[in-house]
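Enquirer: Sequence:
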Amino acid sequence: MSKRKLTRRQSWRVQKVQEEKAARMARKTDQLRDSDELGDEEEGLVVSHFGTFVEVEPLAPEATTPQAPATDALSGTEATYQCHFRANVGAIVAGDRVVMRRGKSGYGVIETVLPRSSLLSRPDPRGNLKPVAANIDFMVLVITPEPAP
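Throughout, this note's numbering is defined as the position within the sequence shown, counted from one, plus 447.
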């Protein structure tokens, strides 16, 4: 099935709407960055990606900060931050190490992505490689000859 053909006017409108959305997101990120709501830059690990934001777990948590989210009562680990990222940051996948700035109430902003040591990718329907995970140390593959009863 071929891609739908758009007229020149439709293409222009789609591009304009996308630029407006990007500008709106950039303004929101700039407002957070310029305000005193964001803390200092620190390193974090991307746990999952949800389209417009990623969940980041701080790698070197500070002892006590007013911006720190509550810890998980069951596991005792620090909660993750929902971070927005700029369009010019590039593709962010689970396992990426990033530089983030914490915000109040569990939100933050991704400043940059640190260099990757490895990248796991898969081909998309057009044959281009799509990143899936980064900085993988080892993988375990389990194969069974028969399905379990």
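Errors might be hidden in some of the hints.
With a straight-line Cα cutoff of 27 Å, these simulated DSS-like cross-link-like pairs (lysine-lysine) come out [said to hold, decoys possible]:
hint: 1; residue 1: 468; residue 2: 577
hint: 2; residue 1: 463; residue 2: 452
hint: 3; residue 1: 551; residue 2: 475
hint: 4; residue 1: 551; residue 2: 468
hint: 5; residue 1: 452; residue 2: 475
hint: 6; residue 1: 577; residue 2: 452
hint: 7; residue 1: 463; residue 2: 475
hint: 8; residue 1: 577; residue 2: 463
Hint data in this document are derived by calculation from the structure and do not stem from the laboratory.
Enquirer: Checking against the hints above, which ones are violated?
Expert: Of the numbered hints given earlier, the structure breaks just one, which is hint 5.
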